[in-house]
Amino acid sequence: MIFLNRGIRRTERRLLRKYARQHGLAPNELLLIDTLVDFPNNSIMGLADILELNKSTVSTIAKQLINKHFVSQEVDPANHSRFQLNATAKGRQLAEGIYDAYLTELNTVFSLDQLDLNRIKDVLTIIHKRID
Numbered sequence: 001m002i003f004l005n006r007g008i009r010r011t012e013r014r015l016l017r018k019y020a021r022q023h024g025l026a027p028n029e030l031l032l033i034d035t036l037v038d039f040p041n042n043s044i045m046g047l048a049d050i051l052e053l054n055k056s057t058v059s060t061i062a063k064q065l066i067n068k069h070f071v072s073q074e075v076d077p078a079n080h081s082r083f084q085l086n087a088t089a090k091g092r093q094l095a096e097g098i099y100d101a102y103l104t105e106l107n108t109v110f111s112l113d114q115l116d117l118n119r120i121k122d123v124l125t126i127i128h129k130r131i132d
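Position 72 (the sequence shown) corresponds to 72 in the UniProt record's numbering; numbering is contiguous.
In short, the hints are calculated from the structure, not lab data. Check before you lean on any hint, since a few could be wrong.
In silico DSS-like cross-links for lysine-lysine, where the CA-CA straight-line distance does not exceed 25 Å [as the list claims (entries may be wrong)]:
#1 Lys68 - Lys121
#2 Lys55 - Lys68
#3 Lys63 - Lys90
#4 Lys90 - Lys68
#5 Lys129 - Lys55
#6 Lys90 - Lys121
#7 Lys68 - Lys18
#8 Lys129 - Lys68
#9 Lys18 - Lys90
Label pairs and their computed distance ranges (CB to CB) [stated by the list, open to error]:
#10 Leu124 - Glu52: 20 to 30 Å
#11 Val75 - Thr104: 32 to 42 Å
#12 His23 - Ile131: 17 to 27 Å
Cβ atoms here follow ideal geometry from the backbone N, Cα and C, with glycine treated the same way.
Could you put together the complete structure from these sequences and hints?
See the structure below:
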């Protein structure tokens with residue numbers, strides 16, 4: 001079980017780097033987009049807490065993603081000195097594609113059959129719903 005867990009973590013990291021590169025992004029940029037899909041209307045400080053990165057790093061990444069049209073920025077109606085960040089349609093589409101890529105990569109690394117992949121997809125869906 002420990003071997004499988006390590007293998008999955010390594011696969012996740014490799015997939016993240018590969019998928020990010022395919023879309024002209026750094027891994028942290030992809031993580032920020034994916035986080036905004038799960039936690040919309042977030043602030044720089046909120047994202048920094050979730051991602052466990054410092055505020056200046058998240059701010060720099062967010063500015064880059066705004067310029068690339070993956071993230072939008074609007075004034076927070078509750079606090080006009082702060083901004084809310086959201087994934088754009090382009091950002092959401094990118095984040096959604098990572099799950100299928102993840103299953104494909106797991107299949108390649110672990111030689112899983114379609115039944116295994118469907119079970120993993122079901123588990124990921126359940127986890128995702130419980131997080132919401």
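Distance restraint hint 20 to 30 Å, applied to the beta-carbon atoms of Leu124 and Glu52:
Because 22 Å falls inside the window, the suggested range holds.
Mind checking the alpha carbons of Lys63 and Lys90 for me, to see if they're no more than 25 Å apart?
Measuring from Cα to Cα gives roughly 16 Å; hence the hint holds.
Pair hint Lys68 and Lys18, alpha-carbon separation not exceeding 25 Å:
19 Å, holds
If you check the beta carbons of His23 and Ile131, does the distance land in 17 to 27 Å?
Distance hint for His23, Ile131 holds at roughly 24 Å.
Holds or violated: Lys90 with Lys68, Cα cutoff 25 Å?
10 Å, holds
25 Å Cα cutoff - pair Lys55, Lys68:
20 Å, holds
Between Lys68 and Lys121, is the straight-line Cα distance small enough, at 25 Å or below?
30 Å, violated
For the pair supplied as a hint, Lys90 and Lys121, is the alpha-carbon distance within the 25 Å limit?
Cα-Cα ~23 Å, so holds.
Between Val75 and Thr104, does the C-beta distance stay in 32 to 42 Å?
With a Cβ separation near 40 Å, Val75 and Thr104 satisfy 32 to 42 Å, so the hint holds.
Lys18 and Lys90: Cα distance at most 25 Å?
19 Å, holds
Is Lys129 close enough to Lys55, meaning Cα to Cα at most 25 Å?
28 Å, violated
Taking only the CA atoms, is the gap from Lys129 to Lys68 under or equal to 25 Å?
It is violated: about 29 Å lies between the C-alpha atoms, which goes past 25 Å.
The structure is inconsistent with the numbered hints 1, 5, 8, although it conforms to all the rest.
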